[in-house]
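Visitor: Here is what each chain is made of, one letter per residue.
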Amino acid sequence: MCSVPVKKPKTDIGPPYYYDMLPEIIKENYGKWKYHEKIKPGVLKHVSENGAELYTVRAGSPRLLSIVTIREYADLADKYSGGHLRFTSRHNVEFLLSDPANIEPLIAELEAKGYPVGGTGDCLNNIIHTQGWIHCHSAATDASGPVKAVMDDLFEYFKKDDLPAKLKISMACCLNMCGAVHCSDIAFVGIHRTVPTIDDAGVAKGCEIPNVIASCPTGAIRPNPKAKSVMVNEEKCMYCGNCYTVCPSMKIMDPVNDGVAIFVGGKVANARSGPAFSRLAIPWVPNTPPRWDELVVAIRNLVEIWVKDARKGERYGEWIERIGWEKFFEMANLPFTDKHIDDFIFSVPTFRTTTNFKY
Amino acid sequence: MSEKKRPLLEELKKGPWPSFVKEMEKSAHNSKTAELLDLLERSYEDKTGHWKHGGIVGVTGYGGGVIGRYTDLPEEFPEVREFHTMRVNQPSGWYYTSDALRTLCDIWEKHGSGLTNMHGATGDAILLGTTTEHLQPCFNDLSEAGFDLGGSGSNMRTPSCCAGPARCQNACIDTLDLCHNLTNTFQDYLHRPSFPYKFKIKISGCANDCVASIARADLSIIGTWRDAIRIDQEAVKEYAAQGYDIQGLVVDKCPSQACTYNAEIQEFTVDNPNCVRCMHCINKMPKALRIGKETGATILIGGKATIVQSAFLSWVIVPFMKLEKEDDYAELKDLIERIWEWWDENGKVRERVGELIYRKGMREFLKAVGLPPVPQMVKHPRANPYFFWWPDEIISSASGDAEAEAAAGAEVEK
Amino acid sequence: MAEFTNEELRAKILEYLNKVDKAKNKDIATAIGAVKRDVDKVINELAKEDILEFLYLGTSYVRIKGKE
Chain A
11 MCSVPVKKPK
21 TDIGPPYYYD
31 MLPEIIKENY
41 GKWKYHEKIK
51 PGVLKHVSEN
61 GAELYTVRAG
71 SPRLLSIVTI
81 REYADLADKY
91 SGGHLRFTSR
101 HNVEFLLSDP
111 ANIEPLIAEL
121 EAKGYPVGGT
131 GDCLNNIIHT
141 QGWIHCHSAA
151 TDASGPVKAV
161 MDDLFEYFKK
171 DDLPAKLKIS
181 MACCLNMCGA
191 VHCSDIAFVG
201 IHRTVPTIDD
211 AGVAKGCEIP
221 NVIASCPTGA
231 IRPNPKAKSV
241 MVNEEKCMYC
251 GNCYTVCPSM
261 KIMDPVNDGV
271 AIFVGGKVAN
281 ARSGPAFSRL
291 AIPWVPNTPP
301 RWDELVVAIR
311 NLVEIWVKDA
321 RKGERYGEWI
331 ERIGWEKFFE
341 MANLPFTDKH
351 IDDFIFSVPT
361 FRTTTNFKY
Chain B
5 MSEKKRPLLE
15 ELKKGPWPSF
25 VKEMEKSAHN
35 SKTAELLDLL
45 ERSYEDKTGH
55 WKHGGIVGVT
65 GYGGGVIGRY
75 TDLPEEFPEV
85 REFHTMRVNQ
95 PSGWYYTSDA
105 LRTLCDIWEK
115 HGSGLTNMHG
125 ATGDAILLGT
135 TTEHLQPCFN
145 DLSEAGFDLG
155 GSGSNMRTPS
165 CCAGPARCQN
175 ACIDTLDLCH
185 NLTNTFQDYL
195 HRPSFPYKFK
205 IKISGCANDC
215 VASIARADLS
225 IIGTWRDAIR
235 IDQEAVKEYA
245 AQGYDIQGLV
255 VDKCPSQACT
265 YNAEIQEFTV
275 DNPNCVRCMH
285 CINKMPKALR
295 IGKETGATIL
305 IGGKATIVQS
315 AFLSWVIVPF
325 MKLEKEDDYA
335 ELKDLIERIW
345 EWWDENGKVR
355 ERVGELIYRK
365 GMREFLKAVG
375 LPPVPQMVKH
385 PRANPYFFWW
395 PDEIISSASG
405 DAEAEAAAGA
415 EVEK
Chain C
1306 MAEFTNEELR
1316 AKILEYLNKV
1326 DKAKNKDIAT
1336 AIGAVKRDVD
1346 KVINELAKED
1356 ILEFLYLGTS
1366 YVRIKGKE
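Chains as they are written, first to last, in our numbering: chain A, 11 to 369; chain B, 5 to 418; chain C, 1306 to 1373.
Short, incomplete list of chain C residues facing chain B, as computed with Cβ under 10 Å:
no.	residue
1	Lys1329
2	Asn1330
3	Lys1341
4	Asp1345
5	Ile1348
6	Asn1349
7	Ala1352
8	Glu1354
9	Asp1355
10	Glu1358
11	Phe1359
12	Leu1360
13	Thr1364
14	Ser1365
15	Val1367
16	Arg1368
What follows is a list of derived Cβ distance ranges for each label pair:
no.	chain 1	residue 1	chain 2	residue 2	range
17	A	Lys48	C	Ile1369	51 to 61 Å
18	B	Phe391	A	Phe361	19 to 29 Å
19	A	Lys238	B	Lys352	15 to 25 Å
Think of the hints as simulated: they come from the structure by calculation, not from any bench. Source: prediction; values computed, not measured. For each residue, glycine too, the CB sits at the ideal point set by N, CA and C.
The whole structure should be built from the sequences, with the hints applied where relevant.
Guide: Written out as structure tokens, the structure reads:
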């Protein structure tokens, strides 16, 4: 596509060297930070052993960013933080300032451009999420849309750091769970509820049958030699969609029945109690674009009962551990169903084996 | 572009949280992005995605870093007939200069949709949407500017790490240096997939685990220490003077009851041998309490999401490893290579290393990679009496040799 | 498992890949009776030389570039 001969590109050069990205104040105090303070929601102050002070201003982003916005970030960084910034693992942008006089002007400009400052300490942090309908072939629901709707609704909590503890919400648009949402305070996940429809000709032509059979965690797929394809045992299928990932001719999308499941009580940090999985609270809410009203209402309810009842310092799961799951379902006004009782591979240790419980 | 054309997406421009629809519209002068908006509106009507699985796309010599994407409605939406993703390996800790970001933006303006994810879940900067024709020229420009691609497919995925010692007092290890070093050492494994399936490495500087390595990395490296928490008693007094509830919010929540606070003399103490280094007290009183000085990392293995056989949190395999820059992290790299060799030899197609350990047994794994069993590896020992013995642990009845029996007995006691 | 020179490995790998649509490195190593690590190295060289390419179908495979 180019008339000038292209010189052979260098390969395997690895990522840009992080050290070249750091501001002077960080280079001077690398590994010498002593403590940090939370100045206010979205603003951190790190103090080093020799007294240097570094200020971080954090703003939320929708993760899906236009280069127009990234260039705006770059301009803001030039203006206020000597051209230095970073991103967090939860899609926030952070400006690294050495002059505290720049904090308020930067915040004012960020807010004016619609980039909210917050998400530190005992705030609601940004929602980790996946691609959804913008770019993924296996999405059971959109990702950016429901995330936007939920964050709009919970916006106040992104800017307030007086929650009982941190609140981390995550979203995955199918059970592949690219965002690894399974250890979040609140997680919502796109799910299927019907078995895949098999396009025999497509399977025969385009799929590795042994891989399709092996992809099923419940052994529900067996060969269909006549059609050079496979069959699905409907009683065993748990709709994970892994066969579809391996073989596009195992279509699992079902716009009427696909929906969103909500899990609660997971965490990653080892602080106090160890890392924990999120557990099922609501097996299915309908997939209702453009604003996912049922999902938004359900999550607000889950957040509010925790805010109201948890003690200071209790993450979502720690709160439930204290009050008990039976009390959680009562307080959340949620029905407890057979879906909540595990019947997958490692189910047995989740059954109650003591007479200690509440009514 | 008339706004009325997309009434459903229009609803997602409302509200206080930044709108991804507005982000897309900012790049909608690009015909691909404009049509992506139309395709997304269609998905909102149909309640289903309109993307197909990847085909064979890549750049010369690489088997990862490019994800092929095609719409299933190519006649109606020809501009996004091909809409591939490129994963660009991020600098450690996601630190950038404004110029580095502008360089990325310029390259992506020239070759793609102008849409990105900053960043993807694995850690890469995601460039979202280009054609097959543009892949190699885009890569050439990236390479010329000092960027390289990340991983995808059955390879080592792009390692990632937390903010590290650049901006955190809790970094027990230099996560940024280690991440950069491992990424560069294992370039072949990152770019040219030869494994049964994906292998993720994530590095957190302390047990707060800001990159969630324990939940989503096949190999989790988490900073820790093995001496004593450093206490500044003057700073403790300041917390007390400000009315901070040290007893209620710190001491009472210590999971191993290793903290004590004497309110009379405003003194905070830690029973270090009984401290499990969870970070709680340090998180709550950062001015007064600091990580220890003899630092290293705990190495854990097997973390993953539910697909296929269930989600696993990573399991401890090395309670404490000194991570020395001076010897180029030789001990860790050697361990990683041994893990890969065993997994590669024994793993089935699409079997993560955690699933393989579950299938073959932890004892097989530990023996193969040469790690001794230690109590830190388990929550509790097994409760069943079903266990394997190695052949050399069994007394051979044929030999009848008392010395051999005694030797075998001694071996068992070990 | 036999010891092969680099040249022998190249020839054997290409010979095998000419017979099949695509393969995983491990299957190639098994088929030609070579050590997988050595096979990986040669496959990576051949990929860098633009003779082989990788494809992804639920897992990664390698094949002669352009071979359908």
